[in-house]
Amino acid sequence: MIKITFPDQKVREYPEGSTALEIARSISEGLARNVLSAKINGVVWDATRPIHEDAKSQLLTWDDAEGKSTMWHSSAHLMAEALEYFYPGVKFGIGPPVDHGFYYDVDLGEHSISPEDFKKIEDKMLELARQANKYVRKEVPRTEAIEYFREKGDEYKLDLLEDLQDGSITFYQQGNFTDLCRGPHIPDTGYVKAVKLLNIAGAYWRGDEKRKQLTRIYGITFPKKSQLDEYLAMLEEAKKRDHRKIGKELEIFTFDDDVGPGLPLWLPNGAVLIEQLEKLAKQTEQEAGYQRVRTPHIAKENLYLTSGHLPYYADGMFPPMEMDGEKYYLKAMNCPHHHKIFKELNPSYRDLPVRLAEYGTCYRYEQSGELFGLMRVRSLQMNDAHIYCTKEQFAQEFNAVNEMYLRYFKIFNIEKYIMRFSTHEPKKLGKKYVDNPELWIQTEDMVRNVLIDSRIPYVEVADEAAFYGPKIDVQVWSAIGREFTLATNQVDFAVPARFGLAFRNSQNQMETPICIHRAPLGTHERFIGFLIEHYAGNFPIWLAPKQLSILPISEKFNSYAKKVLELLGISDIRGLVDLRDEKIGRKIRDAELKKVPYMLIIGEKEQAENKVSVRKHGTGDLGTFGIPEIIQLIQKEIDKSLNVK
RNA sequence: GCCGAUGUAGCUCAGUUGGCCAGAGCUACUGAUUUGUAAUCAGUGGGUCGGGGGUUCGAAUCCCUCCAUCGGCUCCA
1 MIKITFPDQK
11 VREYPEGSTA
21 LEIARSISEG
31 LARNVLSAKI
41 NGVVWDATRP
51 IHEDAKSQLL
61 TWDDAEGKST
71 MWHSSAHLMA
81 EALEYFYPGV
91 KFGIGPPVDH
101 GFYYDVDLGE
111 HSISPEDFKK
121 IEDKMLELAR
131 QANKYVRKEV
141 PRTEAIEYFR
151 EKGDEYKLDL
161 LEDLQDGSIT
171 FYQQGNFTDL
181 CRGPHIPDTG
191 YVKAVKLLNI
201 AGAYWRGDEK
211 RKQLTRIYGI
221 TFPKKSQLDE
231 YLAMLEEAKK
241 RDHRKIGKEL
251 EIFTFDDDVG
261 PGLPLWLPNG
271 AVLIEQLEKL
281 AKQTEQEAGY
291 QRVRTPHIAK
301 ENLYLTSGHL
311 PYYADGMFPP
321 MEMDGEKYYL
331 KAMNCPHHHK
341 IFKELNPSYR
351 DLPVRLAEYG
361 TCYRYEQSGE
371 LFGLMRVRSL
381 QMNDAHIYCT
391 KEQFAQEFNA
401 VNEMYLRYFK
411 IFNIEKYIMR
421 FSTHEPKKLG
431 KKYVDNPELW
441 IQTEDMVRNV
451 LIDSRIPYVE
461 VADEAAFYGP
471 KIDVQVWSAI
481 GREFTLATNQ
491 VDFAVPARFG
501 LAFRNSQNQM
511 ETPICIHRAP
521 LGTHERFIGF
531 LIEHYAGNFP
541 IWLAPKQLSI
551 LPISEKFNSY
561 AKKVLELLGI
571 SDIRGLVDLR
581 DEKIGRKIRD
591 AELKKVPYML
601 IIGEKEQAEN
611 KVSVRKHGTG
621 DLGTFGIPEI
631 IQLIQKEIDK
641 SLNVK
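Heads up: the first sequence begins at 1 in this note's numbering, then just goes up one per residue.
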């Protein structure tokens with residue numbers, strides 16, 4: 001007998017060799033039907049794999065992320081079986097579960113596949129699923145595994161076997177399909193009740209662009225048909241939030257072929273958004289002791305040779321222009337210019353920290369395939385500043401920056417994010433990273449301590465640092481689920497020395513400052529793109545391009561409406577009058593569709609009483625207000641949004 | 001940059017096997033209407049069918065090429 005400990009700490013005894021499925025059945029048949037896999041002593045196992053020793057056990061169902069993963073991993077095998085049926089000789093790369101579904105990388109050889117083929121593959125998968133074929137685990141000696149895939153001619157699996165030790169190799173077989181796989185899998189294919197193939201993409205073998213590109217097929221499966229319908233509905237909803245769609249509808253930005261890819265044109269509404277954002281940032285930074293500077297968009301080659309960017313990152317910059325026998329580059333970052341300003345200021349330790357802020361426009365040559373609406377562009381305005389401080393001041397400065405991030409997140413109601421702390425990889429010192437092992441460790445410790453002390457949740461990832469120091473990136477997700485860096489906070493202990501930056505310390509010795517690169521609002525392009533999706537275009541009133549729309553019932557009230565707009569304008573309220581010869585229902589509809597926060601309706605009664613009827617976007621009629629009252633209402637709402645300390 | 005898909009009026013789209021001057025709705029403009037909380041009616045205008053080249057008696061439709069966009073991969077200082 002073995003002792004099984006459940007998550008609630010209850011212990012029960014089972015015969016040696018029992019499976020998670022049998023354990024589930026001993027509790028209830030219903031549970032047994034839902035068990036997809038189990039966590040045995042912290043490792044996810046097949047529900048049908050015998051357990052031979054005392055263990056902590058957690059049964060995994062569709063409600064557990066790991067249960068879903070098991071299902072999707074098995075679904076990848078199911079899709080592989082269907083693919084092999086239609087495309088004999090297909091070779092398989094890897095086929096893992098992902099956040100929403102699974103994919104399989106395949107080499108179709110002579111064949112090709114398009115979305116039109118999805119239906120027949122889905123149908124085949126469902127047919128195979130109905131057969132409820134068992135997923136059978138088999139431990140295989142390495143030589144036998146190699147023999148199997150050599151005979152099958154699958155060089156990708158052979159490549160994978162290169163990295164595997166004898167004794168750790170397992171095959172899983174269901175129906176007519178056998179795969180090299182560590183598992184685990186669901187008990188049989190019958191658990192799959194709904195299948196949807198999502199898209200096709202190219203993917204390099206082992207993620208290496210020098211290797212062959214395979215065809216990646218994405219799909220998702222569910223244990224219930226209704227769950228698939230819900231998922232598809234959710235995808236449709238997400239598409240409605242897409243900043244590219246809303247950005248067009250609300251006339252925020254556009255791209256033009258003659259201007260160039262990745263070079264956004266900000267329409268008047270978009271310009272208001274940026275200006276409001278900058279107004280907030282300037283105010284925040286002024287309070288935090290930053291000074292504003294301004295620098296040109298280009299610089300001579302030598303600046304980037306000094307900074308060390310050119311040898312490493314020339315590919316990411318626009319090619320140089322030649323002028324008077326000199327090469328000039330469009331700046332891809334502001335720091336070198338700011339370093340020069342620091343040098344000119346020639347501060348002593350008494351003047352530190354020096355905090356230089358500039359929302360400089362930078363140009364980066366992103367690969368054409370990388371461009372993505374406002375989220376990934378070639379001209380970008382960084383919410384940039386560089387803080388030069390002493391080692392002693394570092395922790396406090398770094399912490400203050402993090403606090404500024406958190407304050408912004410509160411203002412924008414950003415709740416779903418991850419702080420990603422990127423550190424160096426010692427083996428790559430001198431190549432990818434500046435060769436100064438002590439400083440790396442010392443700086444990373446300083447950053448880690450700040451994070452721990454301020455109890456900011458974070459994840460640490462090795463080998464993702466900047467070449468000049470560790471960094472913290474704030475990761476968020478777009479409406480369609482793509483992850484990207486919103487804000488960044490980087491430590492630089494290397495480049496200031498390259499620029500010969502120094503200050504005189506209290507002992508009258510020259511010392512190199514540490515530099516903190518920080519961009520809490522990332523780039524204004526990406527931040528606005530994110531905000532459009534975050535708010536689905538329903539901006540808080542302080543940001544809204546038009547805060548209200550004044551809607552006269554008929555032409556007779558146009559002049560009173562214009563007067564109201566003028567009065568509101570004196571209080572810095574942004575609005576417009578809908579002077580079109582349309583009925584009020586139409587004007588309201590259009591203002592609602594444009595997501596204008598407030599509509600002021602003006603007719604005979606309002607004009608006579610010197611008042612306005614207020615309708616709130618998405619809410620409806622609020623009743624009649626005097627002009628001072630409406631000003632107060634809006635100003636209160638703005639204060640509430642911005643004063644969140 | 002790579003794989004795959006897409007590109008028709010300001011916007012959203014139809015035109016699916018090549019065949020009369022390329023269509024619709026919304027927008028815009030003109031007129032009528034003077035309107036009370038999510039679309040008033042009528043008329044008018046608007047398109048090098050992404051660009052270039054080719055096949056054909058004839059191309060939005062077939063082929064080549066370039067550009068852009070979309071989904072991924074790679075990249076992201």
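A hint or two may mislead.
Once the Cα atoms are required to be at most 25 Å apart in a straight line, the calculated DSS-like pairs of lysine-lysine come out as [said to hold, decoys possible]:
| no. | residue 1 | residue 2 |
| --- | --- | --- |
| 1 | K56 | K91 |
| 2 | K248 | K225 |
| 3 | K245 | K594 |
| 4 | K616 | K556 |
| 5 | K91 | K134 |
| 6 | K594 | K239 |
| 7 | K546 | K427 |
| 8 | K587 | K240 |
| 9 | K120 | K240 |
| 10 | K10 | K134 |
| 11 | K224 | K39 |
| 12 | K636 | K410 |
| 13 | K594 | K546 |
| 14 | K279 | K91 |
| 15 | K546 | K410 |
| 16 | K546 | K282 |
| 17 | K239 | K224 |
| 18 | K428 | K410 |
| 19 | K595 | K248 |
| 20 | K193 | K224 |
| 21 | K563 | K636 |
| 22 | K240 | K196 |
| 23 | K594 | K248 |
| 24 | K595 | K640 |
Hints in this document: simulated from the structure, not taken from any laboratory. Every value quoted in this text rests on a predicted model; they were computed, and no experiment measured them.
| Does K245 pair with K594 here, judged by a C-alpha cut-off of 25 Å? | 13 Å, holds
| message | Hint check: K594 vs K239, CA-CA at most 25 Å. Holds or violated? | response | At roughly 18 Å apart (the allowed maximum being 25 Å), K239 and K594 satisfy the hint.
| message | Does K134 sit within 25 Å of K10, going by the straight-line distance between their CA atoms? | response | 31 Å, violated
| task | Given the hint that K248 pairs with K225, test it: the Cα-Cα distance must not exceed 25 Å. | result | 35 Å, violated
| query | Can the restraint linking K428 and K410 be considered satisfied, given a maximum Cα separation of 25 Å? | reply | Roughly 38 Å between the alpha carbons, so the hint for K428 and K410 is violated.
| Regarding the pair K546 and K410, is the alpha-carbon distance no greater than 25 Å? | It holds: about 23 Å lies between the C-alpha atoms, which stays within 25 Å.
| request: Decide if the proposed pair is consistent with the structure: K595 and K640, CA atoms, cutoff 25 Å inclusive. | output: Holds: K595 and K640 sit about 20 Å apart, inside 25 Å.
| said: What's the verdict on K546 and K427, does the C-alpha distance respect the 25 Å limit or exceed it? | reply: 54 Å, violated
| query | Does the structure keep K616 and K556 at a Cα separation of 25 Å or less? | reply | It holds: about 24 Å lies between the C-alpha atoms, which stays within 25 Å.
| task | For the pair supplied as a hint, K636 and K410, confirm whether the alpha-carbon distance does not exceed 25 Å. | result | 17 Å, holds
| request: With a cut-off of 25 Å on the C-alpha distance, tell me whether K587 and K240 pass. | output: The given pair, whose Cα atoms are some 23 Å apart, holds under the 25 Å limit.
| request: Could you grab the alpha-carbon distance between K546 and K282 and see if it respects the 25 Å cut-off? | output: Holds - the C-alpha atoms of K282 and K546 are around 22 Å apart, at most 25 Å.
Of the numbered hints listed earlier, those contradicted by the structure are 1, 2, 7, 9, 10, 14, 18.
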